[in-house]
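**Student:** Going line by line, the protein sequences match chains A and B. Just so we're aligned, residue 1 is where the first sequence starts under full-length UniProt numbering, counting upward by one. Just so we're aligned, residue 1 is where the second sequence starts under full-length UniProt numbering, counting upward by one.
Since the hints were derived computationally from the structure, they do not count as laboratory data. Please note that a few of the clues may not be correct.
Copies of the same chain look alike in the list, so a pair counts if it fits in one copy or across any two.
Said to hold, decoys possible - Calculated pairs, SDA-like style, for lysine to any residue (alpha carbon to alpha carbon, straight line, at most 20 angstroms):
#, residue 1, residue 2
1, Lys654, Glu521
2, Lys612, Thr292
3, Lys90, Leu419
4, Lys429, Phe70
5, Lys654, Asp21
6, Lys626, Val18
7, Lys429, Ser403
8, Lys478, Ala594
Number of protein chains: 2
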Amino acid sequence: MALPDTTEDTQGFGLASVNPDLASERLTASFSVPRLTAVLDGGAERTRLRRAVVDVIESDPVFSRENQYFQSQNERYEAAVRKAVHVRKKMQEMGWSEDGPESVYVYRALSGDVAFLLHRVFMRSISVLGSDKQVAKWIPLASEYQLIGSYAQTELGHGTYLQGLETTAVFDISTQEFILNTPTISAMKWWPGDMGRSATHTVVFAQLYIQGKCYGVHPFIVQIRSLQDHSLCPGVIAGDIGPKMNFEHIDNGYLMLKNVRIPRENMLNKFCEVQPDGTYIRRGSQKINYFTMTSVRVSLISDEVILPLMKACTIAIRYSVVRRQSKLKPGEEEAKILDYQTQQEKLLPQLAAAYAFHFINNYLHELFNRGYREIQGRNFDSLPELHAFSSGFKAMVTQYCTSGLEICLRACGGHGYSLLSGLPSLYTKILASCIYEGENTILLLQTARFLIKCFRAASAGQSVPPSVTYLAAMKPGKCTAKDKLDFLSPDIYTEAYQHAAIRLISSTAAKLQDLIQSGVERHEAWNQCTVQLVQAAKAHCHYITVKNFVETVEKLENTAGIQNIMKHLCDLFALHGIFSNAGIFLHDGYITGAQMDMVTASYLDLLGIIRKDAVPLVDAFDFTDKNLNSALGSYDGQVYQRLYEWARKAPTNKQISPAYEKYLKPLLHNKLSKL
Amino acid sequence: MALPDTTEDTQGFGLASVNPDLASERLTASFSVPRLTAVLDGGAERTRLRRAVVDVIESDPVFSRENQYFQSQNERYEAAVRKAVHVRKKMQEMGWSEDGPESVYVYRALSGDVAFLLHRVFMRSISVLGSDKQVAKWIPLASEYQLIGSYAQTELGHGTYLQGLETTAVFDISTQEFILNTPTISAMKWWPGDMGRSATHTVVFAQLYIQGKCYGVHPFIVQIRSLQDHSLCPGVIAGDIGPKMNFEHIDNGYLMLKNVRIPRENMLNKFCEVQPDGTYIRRGSQKINYFTMTSVRVSLISDEVILPLMKACTIAIRYSVVRRQSKLKPGEEEAKILDYQTQQEKLLPQLAAAYAFHFINNYLHELFNRGYREIQGRNFDSLPELHAFSSGFKAMVTQYCTSGLEICLRACGGHGYSLLSGLPSLYTKILASCIYEGENTILLLQTARFLIKCFRAASAGQSVPPSVTYLAAMKPGKCTAKDKLDFLSPDIYTEAYQHAAIRLISSTAAKLQDLIQSGVERHEAWNQCTVQLVQAAKAHCHYITVKNFVETVEKLENTAGIQNIMKHLCDLFALHGIFSNAGIFLHDGYITGAQMDMVTASYLDLLGIIRKDAVPLVDAFDFTDKNLNSALGSYDGQVYQRLYEWARKAPTNKQISPAYEKYLKPLLHNKLSKL
């Protein structure tokens with residue numbers, strides 16, 4: 001490759017051609033990449049639609065993410081607002097509705113770098129919790145962006161435990177108003193997106209008081225900024241909560257209310273109402289609120305968690321066949337780093353996990369849609385299972401993908417640490433998913449509570465939801481594998497996962513029972529079992545994911561090499577899990593040490609097999625270069641050229657630092673320019 | 001607590017008083033906090049000196065880190081240069097030398113936020129690799145900051161494998177000069193600190209060519225910027241590599257050289273020289289280079305890795321007794337989150353690890369100092385052990401502390417994710433330590449190579465270095481623990497660790513041997529064992545760390561409760577390791593499933609015991625609030641007040657965003673200010 005001359009002309013860098021080391025990886029795919037892409041999209045027709053939407057978004061300069069890594073928090077915010085306003089216009093132009101199939105692809109193409117996502121939550125909460133009259137008043141205004149909404153639930157001192165919220169709404173019969181107050185600093189609303197600088201209105205969750213009596217937390221529509229000049233309304237203190245690890249483009253905000261009065265009609269009153277005389281009326285089921293939280297959790301897993309891991313795998317795997325380092329064999333040229341077993345062991349299990357989670361996410365959506373239809377028919381029976389499922393999987397998938405993304409970042413060495421690789425921002429964003437929409441430990445404990453309950457019911461011969469019927473099937477047997485090839489049998493490893501899950505759930509249930517029987521109070525006994533309950537819930541989710549991967553592979557088309565390569569990935573996902581959590585399987589001797597050596601041998605063999613298809617497997621995710629926004633991960637593999645091109649554009653290279661005149665020049669006071 | 005009025009007067013927030021929930025934690029310490037601080041410092045005298053230095057630095061406004069989380073990359077760089085220039089002046093004023101004991105405390109008080117750290121590496125490399133004449137010329141100039149040096153080793157396409165560097169230095173006999181060139185884009189120097197914007201000189205590592213023959217990589221002093229106006233010298237292209245996850249204050253740079261000529265005298269020539277007629281002469285041992293790398297690795301572990309974990313523990317544990325969330329017992333007030341077993345299980349093992357690593361770091365320094373004395377006496381025998389030790393521990397400690405820091409961050413929920421908590425910047429900085437100064441996987445494989453060699457020697461009855469004599473002591477026995485209390489016996493758990501390390505090393509050595517005997521080529525056999533070799537190297541380091549912790553505790557003063565609490569932490573560190581890596585211990589039945597249940601029980605019991613002393617144990621680290629720079633972690637525990645105070649200072653709250661006029665106003669075109 002030619003080096004540019006000192007005028008920094010980089011025309012000769014050949015960005016148009018594909019790096020030959022990367023190109024060669026594409027010649028030997030064991031399967032059809034377009035066919036696999038279609039499988040992932042849910043059909044070739046969907047792939048075409050997705051690509052058409054991506055083209056429209058990416059060809060519009062307003063949506064460009066170029067230079068994004070150089071922007072300040074203020075610049076990112078401004079760009080996000082510009083995009084939010086423009087995307088609405090664009091979708092109208094194209095005739096795409098917010099509920100249509102294109103909408104999903106639009107937001108994916110934007111990679112979440114857009115404002116007013118909480119405006120959508122504001123609208124959803126009014127639709128779900130508001131009366132017909134309220135919906136008729138507020139939804140058109142919000143749809144037309146004649147106001148900008150936010151959703152103010154979390155407080156500075158209160159997150160998960162909603163009953164602990166401190167904001168108050170006192171009903172004043174004389175004026176027919178609610179008076180909202182932030183009684184302490186820990187009651188300040190904190191974190192709501194779009195609230196720090198943008199929102200004119202917000203849904204505030206507050207403790208309702210009528211004539212001195214508290215009726216618990218309720219939602220209220222509160223205007224916080226003027227529609228004329230955007231100034232804060234009287235009694236409102238609001239602002240931005242400052243810098244975070246990511247989400248610089250979102251104005252997460254704080255909000256204090258000091259005797260802010262709103263009309264009685266602003267309490268969202270589909271399920272409960274305060275009548276003019278102060279009578280409190282509750283109507284209908286509140287279980288639907290429960291379902292809203294579940295729906296948010298299910299919807300975020302794909303875009304906010306699985307897609308980022310897929311992107312990270314694409315970046316790290318493409319880079320790992322371009323990067324050469326040290327010699328694998330003396331006398332040969334330096335080796336592609338993906339040819340080292342340790343590099344394969346870092347990246348390929350993450351790739352397998354990305355596929356595993358894609359498929360379990362499909363399963364979760366089916367379960368959810370079925371549940372939704374039942375609920376519309378006033379049947380709430382599936383809610384506990386759905387809640388347990390969505391909680392556990394949100395926790396497992398976010399945790400797994402966050403770790404996986406960190407591994408991808410570190411596997412790219414120093415260049416992975418540069419923002420220009422795209423990996424740091426993927427990591428700092430996915431990390432938040434472990435915390436928001438339910439902190440993972442708390443979610444896993446909710447799943448565990450469901451599992452313990454079902455285990456007891458199943459043990460007593462009562463019926464339990466379909467996903468946990470296996471709890472009744474505790475068999476005392478041992479793993480029957482005789483050699484390493486037996487561990488490529490889905491029955492063998494699925495049963496091992498099932499056995500481990502049952503063992504952990506049953507032994508923790510027994511410990512809990514023992515503690516209570518020995519006189520420990522119930523809540524204290526529960527606390528003393530929580531570390532093990534979390535383990536049990538994870539084991540359950542892991543088992544279901546493996547089982548679902550196996551069943552998905554069985555149903556796949558047996559053409560174009562698809563089923564074959566997916567079977568390898570499924571085996572890898574399963575054996576990686578056994579290898580990395582060996583203690584769980586060895587504990588009661590279900591798998592022996594000798595069998596664990598077979599697991600290890602098969603696992604390491606699989607790395608070598610999947611290595612050959614690693615690049616086609618990430619190509620099948622079908623990300624555009626603009627969407628990856630990574631100097632390391634582009635389709636052409638021109639890693640070094642792109643790093644250099646992008647670095648030169650950094651603002652640090654656009655100005656002489658004042659530090660020179662102020663601090664360096666007085667030091668470097670040589671008479672000679674050269675020593 | 002009173003809420004401020006709407007003028008945002010926050011005087012009433014009571015920042016001066018200590019949060020009562022935190023204060024109460026300090027009343028019941030089972031040990032003397034000042035005594036433990038003295039143990040950590042290496043004596044009360046050292047504590048006094050450290051505090052005196054910290055006072056001097058923190059009382060000087062030039063060194064302030066206030067508002068740091070709001071600064072841009074350019075602002076951070078400027079502040080770092082200002083501090084670097086000022087710190088030199090300050091140390092001269094105080095009469096502190098760069099080699100004196102105060103110097104360490106100065107840089108710790110600055111938390112690394114200072115420029116020209118590579119200038120010190122530049123000086124060190126000249127001192128080590130330069131002739132007396134070169135030292136006499138360059139060191140005074142560098143000491144007086146009449147030039148600013150950098151250290152240009154890593155290239156865009158070449159990191160770990162130094163022989164692969166592509167930059168060339170061709171000797172031109174006719175002019176008695178070296179001609180330096182960057183022949184390809186991957187040969188560009190990339191990452192060197194202080195090089196992007198500051199340095200006037202750098203040590204360039206390049207392939208030496210004399211009359212067409214390559215003599216391998218050598219160091220050359222190259223001037224890159226004018227001392228008069230700081231412009232780039234002819235033939236030099238240099239700049240900043242752009243944004244990274246952290247280190248915004250450092251101008252990591254790129255450098256291309258196009259026929260840059262330097263005099264023959266600029267090749268550092270203590271160990272090899274090019275004579276005027278082109279004759280190449282090598283003299284002395286090159287092993288000393290090896291030792292320089294080892295010394296850097298040893299020196300960074302304390303300040304860049306262990307101290308950040310100690311800070312993170314301090315922040316997360318103090319916050320976890322201030323934060324209350326949900327009810328542990330019905331009817332009671334919300335519980336401190338540190339009273340939940342799951343929160344204890346997140347944080348307390350990190351606290352134990354911070355102590356374990358502090359002590360192993362002391363051990364490493366002793367080993368290193370002894371080795372240094374031997375080397376000065378021309379005895380290089382201890383080098384392989386030192387190299388293996390420093391490599392393995394650098395990898396283990398950075399990996400462990402990075403994971404631990406992420407756990408601390410996530411354990412603080414949403415507030416941990418705010419930059420104002422101080423945790424994100426600690427995390428993004430420590431993450432780099434897994435990559436720089438030797439990528440961890442490569443380092444662990446170097447340790448593994450040493451272990452395999454020693455294992456074979458020990459098996460053959462040959463003598464091996466002291467730290468690995470245990471490899472000869474493979475005993476077939478089983479763990480003798482009969483109940484959970486037995487696992488509080490250091491002999492029991494230390495032997496378990498020893499057994500596991502030997503088993504992993506010996507089984508991998510056997511696999512390697514089998515592969516080679518079955519005809520697999522030696523390098524390929526090695527590659528096929530690397531995943532297991534990494535495991536074996538980690539197990540060795542883990543064992544040595546546990547053993548050293550045990551021995552340290554035995555030697556501690558048995559007064560003021562110190563030995564007692566340290567014994568608990570040592571037990572916790574050891575049992576956490578067995579609990580989390582159960583498979584390694586269960587694999588060959590050394591520990592049975594029933595015994596693993598005892599480990600778990602003792603481990604969970606210890607969490608409850610150490611919980612009581614958690615706050616005193618982090619207080620003993622003796623960080624000032626300014627050093628922690630965390631809204632969550634201050635000594636007074638006024639978490640919410642400080643978050644709010646700091647957030648209000650964010651630049652996003654100081655200006656009306658142009659986004660309002662440009663994008664929002666045209667949308668919010670209501671005639672009314674209120675809906």
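**Student:** Could you run down the list of hints and mark each one as holding or not?
**Tutor:** Consistency of the hints with the structure:
In this homomeric assembly, Lys654 and Glu521 never come within 20 angstroms of each other (Cα to Cα): the closest approach is 66 angstroms inside a single copy and 53 angstroms across copies. Proximity of Lys612 and Thr292 under a CA criterion of 20 angstroms is satisfied in neither setting, with 43 angstroms inside one chain copy and 40 angstroms between copies. When the C-alpha separation of Lys90 and Leu419 is checked against a cutoff of 20 angstroms, the pair qualifies neither within a copy, at 30 angstroms, nor between copies, at 35 angstroms. Taking the shortest alpha-carbon separations for Lys429 and Phe70, both the intra-copy value of 17 angstroms and the inter-copy value of 19 angstroms come in at or below 20 angstroms.
For the homomeric pair Lys654 and Asp21, neither the shortest alpha-carbon distance inside one copy (34 angstroms) nor that between copies (50 angstroms) is at most 20 angstroms. Proximity of Lys626 and Val18 under a CA criterion of 20 angstroms is satisfied intra-copy only: 16 angstroms inside one chain copy versus 51 angstroms between copies. In the homo-oligomer, the alpha carbons of Lys429 and Ser403 lie at most 20 angstroms apart both inside one protomer (12 angstroms) and across protomers (17 angstroms), since each shortest distance falls under that limit. Within a single copy, Lys478 and Ala594 get their C-alpha atoms as close as 13 angstroms, and across copies as close as 17 angstroms, so both meet the 20 angstroms cut-off.
Comparing the model with each numbered hint stated earlier shows that hints 1, 2, 3 and 5 do not hold.
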